[in-house]
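**Student:** As they're listed, the protein sequences go chains F and R.
Residue numbering for the first sequence follows our numbering, starting at 25 and increasing by one per position.
Residue numbering for the second sequence follows our numbering, starting at 4 and increasing by one per position.
The set of hints was computed from the structure by calculation and includes no laboratory data.
Glycine is no exception: its CB is placed at the ideal position from the N, C-alpha and C atoms.
Each hint should be verified, as a subset may be incorrect.
Using C-beta positions, here's what the derived DEER-type ranges look like [said to hold, decoys possible]:
1) R:R191 - F:W81: 22 to 32 angstroms
2) R:R191 - F:G309: 36 to 46 angstroms
3) R:E193 - F:F178: 35 to 45 angstroms
Taking lysine-lysine pairs in the DSSO-like style, the calculated list, with each CA pair at most 30 angstroms apart, reads [to be verified]:
4) F:K192 - R:K280
5) R:K171 - R:K440
6) R:K64 - F:K192
7) R:K252 - R:K171
8) R:K162 - R:K64
9) R:K64 - R:K440
10) R:K64 - R:K470
11) R:K470 - F:K192
12) R:K440 - R:K280
Covered stretches of chain F, as calculated for chain R (at least 3 residues, CB under 8 angstroms) [claimed, not checked]:
13) 168-176
14) 304-318
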Amino acid sequence: MTDTPLPPDAPIEVKDPSRLRLALDSDFFYTFKRSPVAVVSFSVVSIMVLAAVFAPWIAPHDPFNPGSLNLMNGFSAPMEPNAFTGDIFWLGTDDQGRDVFSTILYGMRISLFVGAAAVAFAMVLGVTLGLLAGYVGGWTETIIMRIADVQLTFPAILVAMLIFGVAKGITPVEYRDQMAIWVLILAIGLSDWVQFARVVRGATLVEKNKEYVQAARLIGRTSPAIMLRHILPNVLSPVLVIATISLALAIIAEATLSFLGVGAPPTQPSLGTLIRIGQGFLFSGEWWILLFPAVTLLTLALSVNLLGDWLRDALNPRLR
Amino acid sequence: MRRHLFAAVLLCAPAAHAAEFTWSETTDPQTMDPHAVNSTPVLGFLGNVYEGLVRRDEDMKIVPALATGWEPIGEGEGWRFSLRQGVKFHDGSDFDATDVLFSYERASSEQADTSSWFAPVSGVRMVDNYTVEIMTNAPNPIFVDSIANWMMLDSGWAKANDATRPDKDAGNYATLNTNGTGPFRVTRREPGLRTVLEPFDGWWDDATHNITRAELTPIQNPATAVAALLSGDVDFINPVPIQDTERLKQNPDVNVIQGIEARVIMLGFPHEAATLKYSAETMDKNPFADVRVRQAVGHAINVPAILQTIMRGNAQEVSQLVGPGMRGYSTGLAERPAYDTDRARALLAEAGYSDGFSFGFKCTNDRYLNDESVCQAVTGMLAQVGLRATLDAMPVQNYWPELRADNYDMYLLGWSPGTFDAEHPIRFLAATPNEEKKLGSWNFGGYSNARVDELLPMIQSEIDDTKRQGMLDEVTAILQDQAAYTTLYVQPLIWGTRANIELTQRPDNFFNLRWVTVDQ
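Construct all of the structure, not just a fragment, from the sequences and the given hints.
**Tutor:** In structure tokens, the structure reads:
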């Protein structure tokens, strides 16, 4: 088969440009390439996400297995051999002899997972309620939007702490550690849906009076179908922007809760928990326990935020 | 004119400020009722407000307080106390024998946490207004030592405010309000936030301090407390985090006062429970009822490593319920079970748990030095032999109720013998719990051994030191043999003050405001 060459004069088939080609040629990608901030922050986020996802293969130790720790490795300074065991740790160890580098990788995993899942949860909830409020109107709208207004009067972190406290009270203690992560997601998600709902409602109010919606209604499409298939795709771009910025906020909210000691358990530390642990050694000279997780959190939140900012500008035609 | 005023303010301000004293501790005293909770944060704080018949001086010696003297009655049937006359409570009422009688009934009542202090007491008699006799079941040479923390309440005040019995759980008037005879009175109490004290002008003794106002602010986070001390926001912190001790010693603005506390840190087990509470797979039995499992725990924990890293060489390991230096310490039994994971695994296999088991481990996170870190390390070490603990660390306020409700499979406990005698922990931690006899009130796991119960009253009434020590040694041997508790170490006592503060540190970790001087 391979030895039959193509005739040189064969007609060239004109293919549809591939999806990748379309994406690479798009305005969106063009502005991305032209913005160094976007490129850098996107690369940083990608590297961090990849490092977190592949943490079990990258990390030299498993910090979540208490049985694998050697207490004598505790308080090793970065790149210096431990006084008792002679082991060397890139970023040092904490009081339990946990390798800080591995713990950061695993902690980032929890921070990113909680952040992404919480935003996804908030997005689904907020978009659904916002669509409903905007499209159905009437009492449904009043009730949903008043609940949203009431919730806006509480700081998000307070709402999250409240939910976390109640959930911790009702979960049996033997499941508490496993549940902590899901409770965090629920708590942060529930404190964050309002933004999505408000934006989507506003956009839906505009869209629902346009001709294509009226046409869809005329040909007899059901309301759920109109909302999901016609309106939703047209209100998604602001949602995308909010989602990105919310991700940074959710990561910080998780870190705050964990820092306050009500988030991820110490046996399964997230970045916030690590910072809380490290804070205890601030005066005693073991700076690395605090510094490295804090810098990681800062880099992560900053990159996501910058990416969100760029996205907002890129998707806003008025700014072009 | 304005300039003069300004100068006057400048002149007055430092003088007025200097004698104000602010301090912080990790744990807020959870009640102001001296009979409701028998714990160091509560009794240590209230020692500034209330007083007992006797008190301890700077060197822990028993000296007269509300009693001016005491003498044994007959052949050790009890003790006769002569009360100090002219003592006033903070509200102005007089102190006399009726208050002693009332305080006895209150502190020994079923609702009181202090009732086990009065286990050897058969009755209290009022001879006249300023003489009381306390009768004991058997000769009790150390009785006077054992009531140094028994504080006197005014019977009239308690009755008028419906607080004739302490209420551990719901609380009552005496939980938030005080009326003692001590050198300081509480002028403001905001639980968990601040407690303000002012000197009591009508105190019977001469004031040895120069404080005009003192304020206790609990700071749970040790790093925050250190920052507050360094910045001068507080004048005294207890404790200084072990990790910060070296740094603070080099700072000329602060002093670090270090000593060995009498407190033994140990692990407790549910001896009586039929099943584990928090196990994922071992539902139908309680492995800790098997002595081999408890011994395995002792061998699995690398105490020297904990002391080396987490405690940074500031604590010493201990093999029994009291540390060396306490009266009645068994010098011949000073060896802790050696760290030996193979031995631990072998013991577990012998007991039928070669794959280990999972269970719940309760721990405090604001009570003992680095308690949560130690618990994490213990969790890790136990995991290495297959004992998979789920650690649940909580503030001490929620901790005691959880233990009293038996919500644990293993727990951390620190015990400081109030009498500085080895008999004390036996009475509280090793005697079979018995409410009527007021024994074993902190023996959460219900450890019970007939011989220990038999020896305890004999130890209490033995006057011959050698015989007494023999019996204490026997009890210690039984407790070690049975691995009733896994004792870990004696924790250090590290206080930090501003350089202009002078105070006295006592090994029972009681902080007395009356020994504080603030240099102007």
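**Student:** For this structure, which hints from the list above don't hold up?
**Tutor:** 1, 3, 6, 7, 8, 11, 13
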